[in-house]
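Asks: Based on the hints, put chain B in the right spot on chain Y.
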Amino acid sequence: MMRIEPRGAISRRMQVAIPVIAALVALALAAIPLAFAGAPIFPAYWQMFIGVFGSVFSFTEMLTRATPLIFTGLAAALAFKARLWNIGAEGQLYLGAMGAVAVGTGLIDGPAVLMIPLVMLAGAAAGAAGMLGPAILKTRFGADEVVTSLLLNFIIIIFVQMMLEGPLKDPMSMGWPQSEPILDNAALPRLMDRMRIHSGLIVALVAAVVAQIALNKTTWGFKIRAVGENAAAARHAGIGVNRTLLGVACISGALAGLAGVSEVAGLKGYLTTDLSPGYGYSGIVVAMLAGLSPLGVVIAALYVASIFVGADSMSRAMGVSSFLADLVVSLSLISVLVGGFFARYRIKFTGKAGDKS
Amino acid sequence: MMDLLQIFLNESFWVASLRIATPLIFGVLGALLCERAGVLNLGIEGIFVVGAMVGWMTVYAGAPLWIGVLAAAGGGALFGLFHAILTVPLGLSQHVSGLGITLFATSSASFLYRTILPDVSSPPRIKAFQPMDVPFLSDIPFFGPVVFQQTAMTWLALIMVGVVWWVINRTPLGVAIQAVGDNPDAVNAQGLSVYKLRIGAVVAGSALMALGGAFLTMSAFDAFFFGMVNGRGWICIALVIFASWRPGKALLGALLFGMFDAFQVRLQTEAGAVIPSQIFLMAPYVLSIVALVFVARKAEYPRALLQPWFKGHR
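Note that the protein sequences, when read in sequence, are chains Y and B. When you line the first sequence up against our numbering, it's residues 1 to 357, in that order. When you line the second sequence up against our numbering, it's residues 358 to 671, in that order.
Just so you know, the hints here were simulated from the structure itself, not pulled from any lab data. Quantities reported herein were computed from a predicted structural model and do not represent experimental measurements.
Straight-line alpha carbon distances no greater than 30 Å define the calculated BS3-like cross-link-like pairs of lysine-lysine that follow: (1) B:K606 <-> B:K553; (2) B:K655 <-> B:K606; (3) Y:K169 <-> Y:K268; (4) B:K668 <-> Y:K348; (5) B:K668 <-> B:K553; (6) B:K553 <-> Y:K348.
Chain B stretches covered by chain Y per the calculated footprint, using a threshold of three residues with CB under 8 Å from any CB of chain Y: (7) 450-456; (8) 460-466; (9) 593-602.
We put the CB at the ideal spot given by N, CA and C, even for glycine.
If we strip away everything but chain Y, and leave its shape as in the complex, we get:
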């Protein structure tokens, strides 16, 4: 017989060890698709490593990739902490980008000290609105936010298309569906010469620190955790559960919106419908790898960004499909889930061996 027994509290060391092991396991498992694609395994790994750490440029590219992932990772982590399943970060990212473009391409003009906060505020507000909808549908009508926030992603991306062919279209774009460029004084400044790394990263890091403190040291953070652990008990203790959920929804959506702002005002300069290669969905992986800890999100985002940038470089050099990166990222999520299981439970074999149940 096989029995599953809880282990009791998870030690701090385990909490750190599990995601690290999970990430390594996922990377190791990549050998299977690599072999299937006929690539030499060790040179391929080496190429992935070089692709991230081989030059200043590649390293800053990784940091640039990590920036939106920190935002979407934080968005998922905070919402999941309250057991609010925000799977709509992809859509909220686009809403944020649209908010930034609506304000930052000439509607108003001013000095950078005014324009940059304004663009960020517009994007954050648009993102917040994007998650407030599903949260209200949940608290008012009991509609499952997983489904509504997911479906909203598809609606929003079509909406972006419509805006880019309509009011937000750049008349100078020769018919391409793209927005007008963000004004220079509304753009997030670059951090290094001739590199794409931009100050969105600083904002993301600040957001992570603030979220870490807010979650662990404030009453608001306590309410979030209480609602997430046991909503009924929290309600009994006098915590406004719906209020807390709506609040988290706004913050979570705003963070995902900032991912869009940072991409459009920091990196691309204008909005297109291929702004995000799925950062919203990867953010869920980042949050889970981080064990829903905001500071952990930063580390996990660096890891996921390294996989993306490294696998991209490897796939160019060796002709292996760059879908390998998605494969490793998804395997990391599954590994960390399974790792979490072994941290919480031990499996005991008793009596008749071989009798599976």
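Replies: Using the frame of chain Y, we list chain B on its own:
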């Protein structure tokens, strides 16, 4: 107004409705089977992609169409088994595991496709299922073409509605599946294995979902495109709730959805000049959300849905 009426009187509208509904029928039935046993399967979106890719690739490699259908079901079952192992014996979060399966299944299918066919600029085609032509029956005015000029996979979907209904409502196995989704302790007390029932239901349900994907590449189209599933899986998750976990209502929901989608396509050609086409493209997703909101309050979820069950724990 006359134009709108014309749409409904045209048999091509009803043919299209049933065709659009077909992958959703498979998907809703699959999701229903999993959820009736107490397991939410958010892997559905990825399992659709796997079904679409595996079915198509098998036929492209030279196998007959029906072998492709079987291969698709097998591929779906495999990812379903993975989801089942994570959520049933290991009792992991069904939400996160399901999303993980969707990411894993989608990237696996895309990676395989790209590795096997590295540089194809335009997707290669297969000879897909053709509309059936049943002697005499197809010639019945109106009803004939609508039902009897569909492809064999649409028929399979309609047959599966009956099969799933019969299994759930008329067999001891179905009673056990329902019980394991409502009260696993009672099932265990009866001496039945909660694990086996749940895993079995998730595997079978996932195989059905994959058939929905296979329909896309082997019946609706004749090629595989990245992003072709395009949220159909998630729509099925909404439709299951709309259908109150009943196969008959699932068919009805999928058909209503198909009718709406076929209608909006036709309306688009009528009113395309005035209303941006994107409004019509959004409509199916908006409709799913609206349907969900309407039924959410009175939805009677299987009582043990999302709840892991461990042997020997109380």
